[in-house]
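Q: Sequence:
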Amino acid sequence: MNYRSFGKTDLKAEQSTRDQREFEERKRRANRFQFLTNENRTLAQAAIQFVLQLKEISVILPRAVNCDELNENVGSLSAGPLTEDELKKIYSLAN
Numbered sequence: 392m393n394y395r396s397f398g399k400t401d402l403k404a405e406q407s408t409r410d411q412r413e414f415e416e417r418k419r420r421a422n423r424f425q426f427l428t429n430e431n432r433t434l435a436q437a438a439i440q441f442v443l444q445l446k447e448i449s450v451i452l453p454r455a456v457n458c459d460e461l462n463e464n465v466g467s468l469s470a471g472p473l474t475e476d477e478l479k480k481i482y483s484l485a486n
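Per the working numbering, the very first residue in the sequence shown carries number 392; after that it's consecutive.
In silico DSSO-like cross-links for lysine-lysine, where the CA-CA straight-line distance does not exceed 30 Å:
id, residue 1, residue 2
1, 479, 446
2, 480, 446
3, 418, 446
4, 418, 480
5, 418, 479
Computed spacing ranges between beta-carbons, pair by pair:
id, residue 1, residue 2, range
6, 459, 479, 30 to 38 Å
7, 407, 472, 36 to 44 Å
8, 459, 413, 22 to 30 Å
9, 479, 411, 29 to 37 Å
10, 406, 482, 32 to 40 Å
11, 446, 406, 37 to 45 Å
12, 455, 410, 20 to 28 Å
13, 461, 430, 17 to 25 Å
14, 471, 450, 18 to 26 Å
15, 446, 483, 13 to 21 Å
16, 407, 474, 35 to 43 Å
If you're looking for bench data, these hints aren't it; they were derived computationally from the structure.
Even for Gly, the Cβ is constructed at its ideal location relative to N, Cα and C.
Using the sequences and the hints, build the whole thing.
A: Here it is as C-alpha cells:
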C-alpha cells in the first residue's frame, strides 16, 4: 500500500506499517502448521478439524466470504480428523 506521508502526524501510514508487520508475523506463525496440509486437507480445514475435536465444542460457525471458502469449509467434514501425532505437534508448537 502506498500512502502519502505527512511526517510524524501520518497516522494512516503508521497504521499500515503496523498492519503489515502483524500480517507478516501471523503468516510466519501459520507456516509452522503446514505439516497439517496434504492432498486431502487444507490448513483451514485442519483448523476446523482441530476445533471440532475439542470435547468442549459441539458446533462451529466458520466464516466464508465467497463460495470457494464455503466449499473449503464444508470439505473439512470429509477431510478426516487429525491424528494423535498431529495433535501432539500442534500442542507442542502452541507452548
